[in-house]
Amino acid sequence: MGISRDSRHKRSASGAKRAQYRKKRKFELGRQAANTKLGAKRIHEVRTRGGNRKFRAMRLDAGNFSWGSEAISRKTRIVAVVYNASNNELVRTGTLVKNAIVQIDATPFRQWYEAHYATPIGARKGKGAVKVESEEINKARSNHVQRKIESRKADAKVDPALDHQFAAGRLYACLSSRPGQSGRADGYILEGQELAFYIRKLKK
Amino acid sequence: MSEQIEKAFQKQQGIFQNAKVAGKKSVKNNRWYKEVGLGFKTPKEAIEGHYIDKKCPFTGDVSIRGRILTGEIISTKMKRTIIIRREYLHFISKYNRYEKRHKNLAAHMSPAFIGVQQGDSVTVGQCRPLSKTVRFNVLKVQKKVVKGAKNFAKF
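Top to bottom, those sequences are chains A and R. Residue 1 is where the first sequence starts when you use the UniProt record's numbering, and the numbers rise one by one after that. Residue 1 is where the second sequence starts when you use the UniProt record's numbering, and the numbers rise one by one after that.
This is chain R alone, in the form it adopts within the complex (with noise of 0.2 angstroms):
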C-alpha cells in the first residue's frame, strides 16, 4: 500500500491482520474506527481509507475529553498538523471599549480530512498532549464559502 513511507510497518494498533483465511474475507479492509461521540460524525473517508494515523481521533488511540473549540486556519504547512487562530475581544473597562486579540492553536489533523485549506473553519476537541504544542485535535471541517467568485480557484 502507499501509506508504507516510514522505515516500520505502519498499522493500526491491536487490530490483527493476519488471520487465517477460511472465506472471502481477506478482501475486505479490516479497519478499526470509532465515533468520538459529542455528535461528530467520524468521516467517510476515516472509514473507508487506508491511512494509518494514531493521533486520529476516529482510527487511532486518542480520546476527545474537554473544550470544544473552533477557529480559523492559518496554516496547513506541518504534516498532519495545522495552526488555527481564534480571534476574541478583550474589554477595558477604563474605556468602556473593546480592543481584538487573537491566540494560535496548533491542533492534529486527521488524513480524514482531505482538501483542507488556508481559511477554512474548523472544530478542534481538546485530548491529550500529542507533542510539545499539540494538544487538540480536528473534528470537523466548515469550508470557506467564496461568495461571487466561482470561477476564480487556486490551481
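One chain only, chain A, in its complex shape (with noise of 0.2 angstroms):
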C-alpha cells in the first residue's frame, strides 16, 4: 500500500525539488479511503495511534438525523446520495461522506411531528379523497396534555418546501459526520437557503 502524509516528496515553495534523505515514518501513514456504500451495515474497526480505534464503516444504511428548527433526533434509513459537491461520480456510486446531500425516509419526524403538533403534515392536495388522519392525531388524550398541545399549535408551522417532502415521504438532509472515521452517518435535514440553493442544484 504504503499511502504516506508527509510532505517530503512535494516540492518547496520555491519550486526547488527536494532530496529523499529518510524513508517513510510510521506516523506519517495514510489508509486507504473508506468510501461507505449504502447497504446493510458494515463497519470494520482500526487501531489508531495511541491504541485508539476508528470505526471504518464500509456499509450503512441507517442514520441520525436531527430537525434543527424543531430540535429533535431521530434514526432514519438513508434512501439515497443525490448530490455531492466535490464529485459526481461518488453520487452515481452512492458514496456516503460529509457533507453528502442524501434522501432519508420521512416517516420518524412525520409520526413525532403529529403527536406532538396534533395536526397532519404532508397532507396531498387535490388527490381525490382527504386521507384518514392517523390515528395519532385523533387519540384519546388527558385534559393537561390537551392543554398542552394547543398551546404549542401557534408555533405548528412548517415551511412549504419541506411540506412537500413529507409528502412525498423522503426528506433531504446533509451529513455531517465522517462514515469513514466514526462509522456514522448522522446529519440534519436541510432547511431554508440551504435547501433552496440545493433544490436549485438538483433541478439542473
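None of these hints come from the bench; they were simulated from the model. The structure presented is a predicted model; accordingly, all values stated were derived computationally and were not measured. Cβ atoms here follow ideal geometry from the backbone N, Cα and C, with glycine treated the same way. Be aware that one or more of the hints could be misleading.
Just a few of them, taken from the derived set where beta-carbon distance is under 10 angstroms, the chain R residues facing chain A [claimed, not checked]: (1) Lys-7; (2) Ala-8; (3) Lys-94.
Short, incomplete list of chain A residues facing chain R, as computed with Cβ under 7 angstroms [claimed, not checked]: (4) Ser-69; (5) Ala-71; (6) Ala-85; (7) Glu-89; (8) Gly-169; (9) Gly-192; (10) Glu-194; (11) Phe-197.
If you follow the hints, you should be able to join the two separate chains into one complex; please do so.
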C-alpha cells in the first residue's frame, strides 16, 4: 500500500525538488479511503495511533438525523445519495461522505410531528379523497396534555418546501459526520436557504 | 445571495440559520464574528458583510497567535491571498557594513479588506497552516500614501 501523508515528497515553496533523505515513517501513514456505500451495515474497526480506534464504515443504511428548527433527532433509513459538491462520481456510486446530500425516510419525523402538534403534515392536495387522519392525531388525550398541545399549535407552521417533502415521504438531508472515521452517517435535515440552494442544484 | 458561488452551500460553521421565525429577527444578518485580540479592530465589513470565509480571522475558524509581522504587498493576484515582501538588513561583520535582503511571505487576506492594492503596507498575524505556504492572516491594512499625485489614479 504505502500511502503516506508527508510533505517531504513535495516540491518546496520555491519550486526546488527535495532530496529524499529518510524512509517513510509510521506516524506519517495514510490509510485506504472507506468509500462508504449504502447497504446493510458493515463496519470495520481500525487500531490507530496511541491504541485508539476508528470505525471504518464500509456500508451503512441508517443514521441519526436532526430536524434543526424543531430541535429533535431521529434514527432514519438513508434512501439515496442525491448530490455531492466535490465529485459526481460519488453520487453515481452512492458513496456516503461528509457534506453529501442524501434522501432520508420521513416517517419518524412525521410521527413525531403528529404526536407533538396533533396536526397532519405533508397532506396531499387535490389527490381525490382526503386521507384518513392518522390515529396519532385523533387519539384520546388527557385534559392536561390536550391543553399543552393547543398551546403548541401556534408554532406548528412548517415551511412549504419541507411540507412537499413530507408529502413525498422523503426528506433532503446533509451528512455532518464522517462515516469513514466514526462509523456513523449522522446529519441534519436541510431547511431554509440551504434547502433552496440544493434544490436548485438538483434541478439542473 | 451572491456569495454562493461554489458547488456546496457556503455558510458559517456552527451558526444555525433556520431557527423558527417567531418575530422580526429573520431580516437581520445572523452572522458570527469575533475580536482577534492584541488590539486589532475587527473591520465593519466583517460584521456587516455577507461573505463567507472560513479562514478569515474575524468571521472564520482561525486564531491569531505567535508572531505579528508587517510588510509591503507585492501581489494580490491569488484568490483571497497575497504575497508580502519584508525587507531587512543583514550585517557583514568583516566589512562592518549592511546588505539588503528580503523574504516573501504568503498571507491569507479576508474579503473584509476591500480596495487593497499592490504597494500597501499590511500587518499580518501568525495562525495555523492554512495551505502549503500560508501561515499568516492579514489583520490590518495601511494604504500607501501617494504624495502630490492626487489627481492620477489607476482606473
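A quick look at each hint next to the structure:
1. Lys-7: holds (4 angstroms)
2. Ala-8: holds (3 angstroms)
3. Lys-94: Hint violated; Lys-94 (chain R) Cβ to chain A Cβ min 28 angstroms, cut 10 angstroms.
4. Ser-69: Holds: closest Cβ of chain R sits about 5 angstroms from Ser-69 (chain A), inside 7 angstroms.
5. Ala-71: Violated, about 9 angstroms.
6. Ala-85: Since the shortest Cβ distance to chain R is 3 angstroms, the answer is holds.
7. Glu-89: violated (14 angstroms)
8. Gly-169: Result: violated, 21 angstroms to nearest chain R Cβ.
9. Gly-192: holds (4 angstroms)
10. Glu-194: Where the cut-off is 7 angstroms and the nearest Cβ of chain R is about 5 angstroms from Glu-194 (chain A), the hint holds.
11. Phe-197: holds (5 angstroms)
Hint check: violations occur at hints 3, 5, 7 and 8; the rest are consistent with the structure.
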